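Using the sequences and the hints, build the whole thing.
Chains as they are written, first to last, in the UniProt record's numbering: chain A, 1 to 309; chain B, 1 to 570.
Since the hints were derived computationally from the structure, they do not count as laboratory data.
Errors might be hidden in some of the hints.
Label pairs and their in silico Cβ distance ranges [stated by the list, open to error]:
1. B:Glu301 <-> A:Lys122: 56 to 66 Å
2. B:Glu425 <-> A:Val136: 29 to 39 Å
3. B:Glu301 <-> A:Val136: 25 to 35 Å
These figures come from a predicted structure and were not determined experimentally.
The beta-carbon is built from N, C-alpha and C at its ideal position, and this holds for glycine as well.
Here is how the chains run, residue by residue.
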Amino acid sequence: MGKYIAKRAGYMLITLFIIATFSFILMKLLPGSPLTAEQKVTAAQRAIIEAKYGLDQPILIQYFKYIGNLVQGDLGVSFQLKNQPVTKILMAGVPVSAQLGIWALFIGTFFGMLLGLLASIKHNTVFDYGANIISVLGISIPSFIFAGLLQYFVGVKLGWLPIAFWGTPQQMIMPIISLSIFPMAISSRFLRTEMIEVLGSDYMVTAKAKGVSNFALVFKHALRNALIPLITVMGPMAVSLMTGTLVIEQIFSVPGLGEQFTRGVLTNDYSIIMGTTLFFAFFFILVILIIDLLYGIVDPRIRLSGGED
Amino acid sequence: MKKKSLLLLILGLVMSMFLVACGGDDTSDSDNSGNDGGSDTEQDDSGNDDSTSGDAEQVLNLMEGSQIPTMDSVMATDAVAFQWLNETMEGLYRLDENTTPVPAIADGDPVVSEDGTEWTVTLREDAVWSNGDPVTAHDFVFAWRRAVNPETGSEYGPFMMNGVVKNAEAISNGEAEKEELGIEATSDYELKITLEKPVPYFHSLLTFGTYLPQNEAFVTEMGSDYALNSENLLYNGPFILTEWNPTGENANQWTLVKNDDYWDKDNVKLENINVSIVKETSTGVNLYNTGEVDRAGLSAEYVAQYAGTEDYRTLGEAVLFYLKFNHDNEFLSNVNVRKAISMTIGKQGLVDVILANGSLVSNGAVPSSFTSHPDTGEDFREINGDLIVEDKEAAKEYWATALEELGTDTVELGYLGGDSEVAQEMDSYIKNQLEGNLDGLTVEVTSVPFEERISRDENSEYDIQNSGWGPDYLDPSTWLNMWTSDSPYMTMNYNNEEYDTLIHEANNELITDLTARYDNFLEAEKVLMDDAAIAPLYQRSRAYLWRPSVKGVISNPMGADFTYKYAFIE
Numbered sequence: 001m002g003k004y005i006a007k008r009a010g011y012m013l014i015t016l017f018i019i020a021t022f023s024f025i026l027m028k029l030l031p032g033s034p035l036t037a038e039q040k041v042t043a044a045q046r047a048i049i050e051a052k053y054g055l056d057q058p059i060l061i062q063y064f065k066y067i068g069n070l071v072q073g074d075l076g077v078s079f080q081l082k083n084q085p086v087t088k089i090l091m092a093g094v095p096v097s098a099q100l101g102i103w104a105l106f107i108g109t110f111f112g113m114l115l116g117l118l119a120s121i122k123h124n125t126v127f128d129y130g131a132n133i134i135s136v137l138g139i140s141i142p143s144f145i146f147a148g149l150l151q152y153f154v155g156v157k158l159g160w161l162p163i164a165f166w167g168t169p170q171q172m173i174m175p176i177i178s179l180s181i182f183p184m185a186i187s188s189r190f191l192r193t194e195m196i197e198v199l200g201s202d203y204m205v206t207a208k209a210k211g212v213s214n215f216a217l218v219f220k221h222a223l224r225n226a227l228i229p230l231i232t233v234m235g236p237m238a239v240s241l242m243t244g245t246l247v248i249e250q251i252f253s254v255p256g257l258g259e260q261f262t263r264g265v266l267t268n269d270y271s272i273i274m275g276t277t278l279f280f281a282f283f284f285i286l287v288i289l290i291i292d293l294l295y296g297i298v299d300p301r302i303r304l305s306g307g308e309d
Numbered sequence: 001m002k003k004k005s006l007l008l009l010i011l012g013l014v015m016s017m018f019l020v021a022c023g024g025d026d027t028s029d030s031d032n033s034g035n036d037g038g039s040d041t042e043q044d045d046s047g048n049d050d051s052t053s054g055d056a057e058q059v060l061n062l063m064e065g066s067q068i069p070t071m072d073s074v075m076a077t078d079a080v081a082f083q084w085l086n087e088t089m090e091g092l093y094r095l096d097e098n099t100t101p102v103p104a105i106a107d108g109d110p111v112v113s114e115d116g117t118e119w120t121v122t123l124r125e126d127a128v129w130s131n132g133d134p135v136t137a138h139d140f141v142f143a144w145r146r147a148v149n150p151e152t153g154s155e156y157g158p159f160m161m162n163g164v165v166k167n168a169e170a171i172s173n174g175e176a177e178k179e180e181l182g183i184e185a186t187s188d189y190e191l192k193i194t195l196e197k198p199v200p201y202f203h204s205l206l207t208f209g210t211y212l213p214q215n216e217a218f219v220t221e222m223g224s225d226y227a228l229n230s231e232n233l234l235y236n237g238p239f240i241l242t243e244w245n246p247t248g249e250n251a252n253q254w255t256l257v258k259n260d261d262y263w264d265k266d267n268v269k270l271e272n273i274n275v276s277i278v279k280e281t282s283t284g285v286n287l288y289n290t291g292e293v294d295r296a297g298l299s300a301e302y303v304a305q306y307a308g309t310e311d312y313r314t315l316g317e318a319v320l321f322y323l324k325f326n327h328d329n330e331f332l333s334n335v336n337v338r339k340a341i342s343m344t345i346g347k348q349g350l351v352d353v354i355l356a357n358g359s360l361v362s363n364g365a366v367p368s369s370f371t372s373h374p375d376t377g378e379d380f381r382e383i384n385g386d387l388i389v390e391d392k393e394a395a396k397e398y399w400a401t402a403l404e405e406l407g408t409d410t411v412e413l414g415y416l417g418g419d420s421e422v423a424q425e426m427d428s429y430i431k432n433q434l435e436g437n438l439d440g441l442t443v444e445v446t447s448v449p450f451e452e453r454i455s456r457d458e459n460s461e462y463d464i465q466n467s468g469w470g471p472d473y474l475d476p477s478t479w480l481n482m483w484t485s486d487s488p489y490m491t492m493n494y495n496n497e498e499y500d501t502l503i504h505e506a507n508n509e510l511i512t513d514l515t516a517r518y519d520n521f522l523e524a525e526k527v528l529m530d531d532a533a534i535a536p537l538y539q540r541s542r543a544y545l546w547r548p549s550v551k552g553v554i555s556n557p558m559g560a561d562f563t564y565k566y567a568f569i570e
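Laid out in structure tokens, this is it:
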């Protein structure tokens, strides 16, 4: 296991390096410069300022400098938020976005599983249809619409929860719920389909004939097998949550990473773009690694010991 | 062991459900017991807001569209930064409600030498920084030098000072030492400012954020940490910034507290200004409707809903939008083509239907309510009147003449516009107007992000461009200088000798003759519009929900959008 993780960590670094290179190239292809008053600064002045930040040098040199600093853990300072170190900006936003995303993922998958389980056990009953409707709605209604409705009805009309901002548990409820709808819908759909298939398989019939209790049948035998596809979609789901947080953060004025990322791209804040891109990439790779490890826990057949491939 | 892991997973999920359930219960309970009980800071604000009905607590709750990019006055470039600098810092002068500079740190109006190039300003001796240091002439010298020093990397320093303060240009280009800048502290409380040439609007420039003072000892001690959060700053203005930290836990909110050491504190009535970053218009409206904020900007779709209510207000701004024509284009080089295009656009429909926020139709190159004639006090716009108005019939005639002159019956033009929703709507409206009225014209609209548009603009990569401009100082030249053929902002290849001469005279020979100079600007605008060099579209307004109990807020045509120094809650 340890060896496997070490190997994966190695791959991870290579992947990050490639991503850093590509995003650097793409970023340099963006029109404009990171200056904030571009419309007003004359070309001569801009050249002076760009020289100050080394932006006048050949791209290749800028690239090597960037990678050099990156290896030392220096992500530079933001152009837009003048002089603010990118690492500090990331460190302020990441916990907030992570809190929002992880809660949404857990709550979403938990209720999704519950819904899916119920639907599969009570297959073709009112429960099943109800769960089905909920998940179809959850998949088809974009989270920002749901967030807007929630904010208006629960926040303004009923006045139960604060409309926006972040910090207190009350403030966290609506953003988390809005974001958890999608993972809930997805996981309920997947679990239901898988469960129905597994429950109908031969070994289930055998187990049942052997006198295994219904509870044990569902939770010990069926659920574990049905979980594998669910774990597979967790990866893409985590990614969609990352983009989802951008939208939800904006609607509820949550001081997460989303604002930094969108503003970075819109204003050519090179160091912020690189910082957030690398962070998102790192996070995604990490999620994939965790998912691969989870496979082993759930299904002994794919347990990774030596890592022969 | 496998079982245990699975069990743990499920257990974890179950526990998370209980946690949520508890959280949910908490709120609904605490809500019944009182809105303020359950949560902290932000809810306190809403508590304060209830004051509208009764004893009027002097707290203002506002929203801002984005983070303050910097509180370092020499680095500031945008509206948000200048806004909060304006509340927490003070320069030599401050704009009053009539947009007239009034003494702030200065102790009276400046004394100007006969040739207009030497300005002597005496400072008041009772102004202090928030660490107790007196605000002296040296603080201005230090800040101004810092602003033009190329090592600082300021964008607005050179932009505001080059060609104005003596040697600023040479210093910012690295050709002179920063000590050679035309500002000198002749004593602790007297400044001698030397200008490159007489600058009639210099008085208003002295109210601008880039000209604010900085405490040398403090800035030097902080080094690169200066102004990174509210702790790393010194204040000398009406309010002190607190709890502002863009890399802190609650980066989206900050508070301004009345500065008890401020020299004019008796005129400051507000105790607190709470600011939150809210980007979404709907969220802002919701916060306004629940009383958590006192002002919310409205987008077009909300205007219909709130127009006519007591809380609805529109505020005109000195920001102009217009179509830039690339005069190198084979068709647009023809004056009749430009006239046809600029007169055929239904500008009234544009401001009424598409913008719907109180924006005004613009029929010139200088906005209304911006500057007035030095002798008569009449507004620039009123004197020159409507120079390019909508006239579809005349446009058709110009168009027919143009086609004849060009010897063609089809004209294809590119149109460069912004990518925001409103911009796209506006651009397709204009396209329809043009193609519908001018036979044979095809307009190809390209919508691009701001950065891309600026970059294409710089390279003159456009035929027609929807563009806008905001003023930087109180003088018609902030609008008219950019259309001269040698202006660094001239990207549309417009070249009219008469225009160039008028503007050049106004900025040189006539610089001390205020009346003749103003007349030159009036004349120049007529030349520009006669040429239909640009097609004026509209002067922007913004629509707000504005708590009627909030009084005394001054809105400024340049620099900070608002001044809250004299604001109060009734």
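Hints, one by one, checked against the model:
| no. | hint | result |
| --- | --- | --- |
| 1 | B:Glu301 <-> A:Lys122: 56 to 66 Å | violated, 44 Å |
| 2 | B:Glu425 <-> A:Val136: 29 to 39 Å | holds, 33 Å |
| 3 | B:Glu301 <-> A:Val136: 25 to 35 Å | holds, 29 Å |
Going through the hint list in order, the structure does not satisfy hint 1, though it satisfies all others.
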